[in-house]
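Full structure from sequences and hints, please.
Those sequence lines, one after another, are chains U and E.
Taking the working numbering, the leading residue of the first sequence gets 1, the next gets one more, and so forth.
Taking the working numbering, the leading residue of the second sequence gets 1, the next gets one more, and so forth.
FYI, nobody ran anything at the bench for these hints, they're computed from the structure.
No incorrect hints appear here.
Derived pair list, reagent style PhoX-like, types lysine-lysine, alpha-carbon separation capped at 20 Å:
1. E:LYS132 - E:LYS95
2. E:LYS65 - U:LYS113
3. U:LYS95 - U:LYS41
4. U:LYS41 - U:LYS132
5. E:LYS113 - U:LYS65
Protein chains: 2
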Amino acid sequence: MRKIFAVALTGLVIAALTIRVSHIQTAGGSVAGPQFTADGKLVRPEGYRRWVFVSSGLGMSYSQKASDDMQMFTNVFVNPASYDYFLAHGTWPDKTIFVLELYGSTSQGSINKHGNYQTGFMGLDVEVKDEKRFADKWAYYGFNSNEKTASPNTPGKNDCWQCHDQNAAVEHSFVQFYPELLKVAREKGTIKPTVHLEDKK
Amino acid sequence: MRKIFAVALTGLVIAALTIRVSHIQTAGGSVAGPQFTADGKLVRPEGYRRWVFVSSGLGMSYSQKASDDMQMFTNVFVNPASYDYFLAHGTWPDKTIFVLELYGSTSQGSINKHGNYQTGFMGLDVEVKDEKRFADKWAYYGFNSNEKTASPNTPGKNDCWQCHDQNAAVEHSFVQFYPELLKVAREKGTIKPTVHLEDKK
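Pasting the structure below:
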């Protein structure tokens, strides 16, 4: 009887604390990796605002011609487990998910007089590494304000893929624009030798 | 004997899982609140890059006169427990810590041609809510690249405190510049009625 009670109590304690652990993992923003629908669309990542912030930019453009559109902020997040892996290895593990948020910008509002701060949400770009699903390892998706699923931007080696493959400093990630990750990549020696980190004239 | 074994086993399980929970909380970026030295200096917050990103700005200034200095990015993070509390209540709990990172900016580098991305780390500003320690609830600190501890910016109701008190939308936080938190504050009705969210001429 005592033994049964002991086993039961131990089981309860394990169950209770396991629930607590799961809860904390979810609250901390851990994710199971990219989720896909039966017909191969990517499910919009949720909770990425609890993931790890990588860096942000304003009005960045790779084209020679300047745009007349409003400059947009780009906030980049990565799933926490992949971030930890990157800190340790300087490379990205399978199932890495990058989320790039687009936000409008304004200069004049409240007491602000110069520079820019973020205003309305404009969309999400998502980059996924999934070695089993994609022969080319990385795939690219865009979500507007409300879409819950997205098809990949033309399958295979499309323009996104090509540009990231040629110009991103580590695998398909532009760590040259993420100062804290760039330090790690330099330390681990994982920057692609073909990539120019300085101004490419 | 069986009872002793049961109690010991249960104790061990609790101990083991408590260690695991603590570890996850640290890895997930949870914090015990602001840490102070015996002589009242704030210990530099560590691990805030795993906290929750609030928003970023570029070259923001509240002065009429534009600055000739390089425009700096400002990345704002808050400790996860306080973020969760804010989502639920629209206000900040005691022991809230905001970290505002300063980063240099550049336009030309790698394949980028326009706009700005973040370059070198330039410093940290920290805002702490500690109701027992500060009669005025909030205190302000600045850390350069290497400082491990910082004294508060002139104690009490200094310029930082006054400006945040007068102009910040919720308590002492400028949620008018953090679009996702602004939504929450509007929904919870916690914006100070005296604060102007639009352009203050």
